[in-house]
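> Going down the list, the protein sequences come from chains G, B and Y.
Position one of the first sequence corresponds to residue 3 (the working numbering), numbered consecutively onward.
Position one of the second sequence corresponds to residue 383 (the working numbering), numbered consecutively onward.
Position one of the third sequence corresponds to residue 618 (the working numbering), numbered consecutively onward.
Since the hints were derived computationally from the structure, they do not count as laboratory data.
Some hints could be false.
[To be verified] Below, in silico cross-link-like pairs of lysine to any residue (SDA-like), each with a Cα-Cα straight-line distance of 20 angstroms or less: (1) G:38 - Y:735; (2) Y:708 - G:67; (3) Y:734 - G:67; (4) Y:734 - G:145; (5) Y:734 - Y:692.
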Amino acid sequence: MNIPLADIVTILPELIVIGMACLLLVLDPITPKSKKDLLAWASLGALAVCVIMILGSFGGRVMAFSDLVVVDGYASFWKLLLCLVSGMTILLSMTYLKEEHIDLAEFYGFILLALVGMMVMVSGADLLVIYLGIELMSITLYIMVGFKRFEARSIESSAKYFVLGAFSSGILLYGISLLFGVAGSTRLSEIASTMNDQSLSDPLVLISLMLIIVGFGFKVAAVPFHMWTPDVYQGAPTSVTAFMAVASKAASFAAFLRVLLEAFGGLKPNWTGMILVLCLLTVALGNLVAIVQTNVKRMLAYSSIAHAGYALIGLVVAGWIGTEAGVSARGVSSLMLYLAIYSFMTLGAFSMVAILRNGGLEGEELNDFTGLAKRHKGGAFLMMVFMVSLAGIPPTAGFIGKFYLFMAAVNAGLAWLAVIGLVFAAISAFYYLRVVMVMYMREPSSEQELTTRLALSPSVSVVLACAIAGVVLLGIFPGPLVSVADLSTLPVK
Amino acid sequence: MEVPISFYLVLSGLVFLIGLVGVLIRRNIIIILLSIELMLNATNINFVAFSSYLGNLSGQVFVFFALTVAAAEVAVGLAIIIALYRHSASINIDDFRMLKW
Amino acid sequence: MGSEAVPLNYIPVVIFMVIGALFGVGSLVVGLVLRPSRPYRAKLLPYESGSPLFMDARVQFPMRYYIIAMLFVIFDIEVVFLFPWAVVFKKLGLLGLIEMGLFLAILIVGFWYAWKKGALDWD
């Protein structure tokens, strides 16, 4: 008997998180209502241990379980980001769930389970493992979206998410099955080694590549596979929306990049064009439709679609034919940098929406922000910084993210793509700054004056502080994060 | 003498297309769920066929996992549909217009 | 044997299907031709163990059934992993036993959760 100890140590962070999730499910039914916060703190503790372990093993490249799992810098970068975002979501939910009168501690268990799914996705080196990670994340998210089960809107969005999510997983899986037939394996490295010049025109390879891109397109909400996003983001509990907009998008992008670059690295001529079309459609439609939205959650949903479009620029650069390896790698690292920055600002914006929710006030219509500057100076200022950053205006982090992406595009000879990105970034300033205008230039109604009480609590303050620190500090000193992203970028062939 | 691989591919392709079209044109959410199951099962046909054709067992392993995941998905899906029915007494997706579809 | 494209091994199956279909259709047709047809009201009523009908058979089932059905789907499918494991049990040795123990322990967590949440109560 030989216990694969080395393999188990490699996935120890995942095991800790999943163990904690199981523990929460066991403890939740027998914990009295007043003690539920303890379970949230326990899950935060598990995340902290996890972060320390990932930091400890940062850098190297370890394969485990006969090449099913890979832990490299790329995986560690995403795992750190995902753990951080999950921790912030848990902190945010502790207050938000109380506002919504949900006292079920298994919510934290679900966050941890979704996190395990995402961590598995980003370090899967086999399509089977990546698929299992995607499904663990998606199935958990279907439940979390419908967590306000006494509210028809939440359940309805959950049903929509379920139908389209399961549909996209089916498409992705069919693509994987065809690829298995061609390559005889689902290992990314073995798929890459069976791809040759003939594969470029092999119909089976092409179909499977297309199906896989469509499947991941749904997960990252790229146009034209975005239709579920606004409805689901609007109907879900706000803290879940924040989690989905940030963590699930980041993890899907991470797995998408790894599959395209590691398995289909030899087929760049086949997929770069498709990704380019997706990218242009996503940037254009996300920004244009966001302009007409009056619900802030829905507006942020379209903004998250638009940001996915910007991030795809990085993937286009990484796949563009004839660029040097260094420039391609820069495409990947600027995508990583962009999504990390996007996480901070989006999480901050959704947190603001979440804390406006109290009592009868939904806090998600644009009108609910009217005159917020008069009612709550600090809150209005934070929201303004997040909006300015989302619009990509210096000196915030949003500018840095866009700057590195567009520079990568210019270096790859895609200056026109950078120009298109710039134009739409300018358009996006319109709807982001409208929120700021509403907060600062309009007078609150007398009724609003009376009802304003932000659902602030120490835990939410920590989330907002983290988000604002991320947005401001990364805007002024982007150096460290840029070099970390450069170090942990995926090797592009 | 055995059934050639292309037969299986055509079969699974047809089953997949039936599922795909079913999801897109049917309005009853339970039928949509069944159509999604058809898509997943088409995948399983592919995996088993390729696995036997290539003499590679990993395809069958994939089927085990796909089956389990599909079962979990169906259980969660049914739960959501029941919750939905409790709210609106309908399982026709055209009735769910509270959020712009 | 025959060419690659025509799977001859399956011909007995086809013959069997044809014979089966013929037998079924045939016996129905023969019955239709031979039997006398003299219907009256009591004869046309659905037969319910000799007692008269008192309500429509198409009633809504309680939600309970759906919850039990969902739990069944989940716990039933896990057997998929037990069968292949049992086949190679001796080769896997102690490690295999520990792994399956862990797998079942996770299932028991789910079972405990369902139990404590009251999904198994009938009242």
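> Determine for every hint whether it applies to the structure shown.
To see whether the hints hold, each was checked on the structure:
Only pairs whose Cα atoms come within 20 angstroms are accepted, and residue 38 of chain G paired with residue 735 of chain Y is accepted, the gap being roughly 19 angstroms. With a C-alpha separation of about 18 angstroms, the suggested pairing of residue 708 of chain Y with residue 67 of chain G holds against the 20 angstroms cut-off. About 36 angstroms separates the Cα atoms of residue 734 of chain Y and residue 67 of chain G, which puts this hinted pair outside 20 angstroms; it is violated. Proposed proximity of residue 734 of chain Y and residue 145 of chain G is supported: the alpha carbons are some 16 angstroms apart, at most 20 angstroms.
Among the hinted pairs, residue 734 of chain Y with residue 692 of chain Y is consistent with the structure: their alpha-carbon atoms are about 16 angstroms apart, no more than 20 angstroms.
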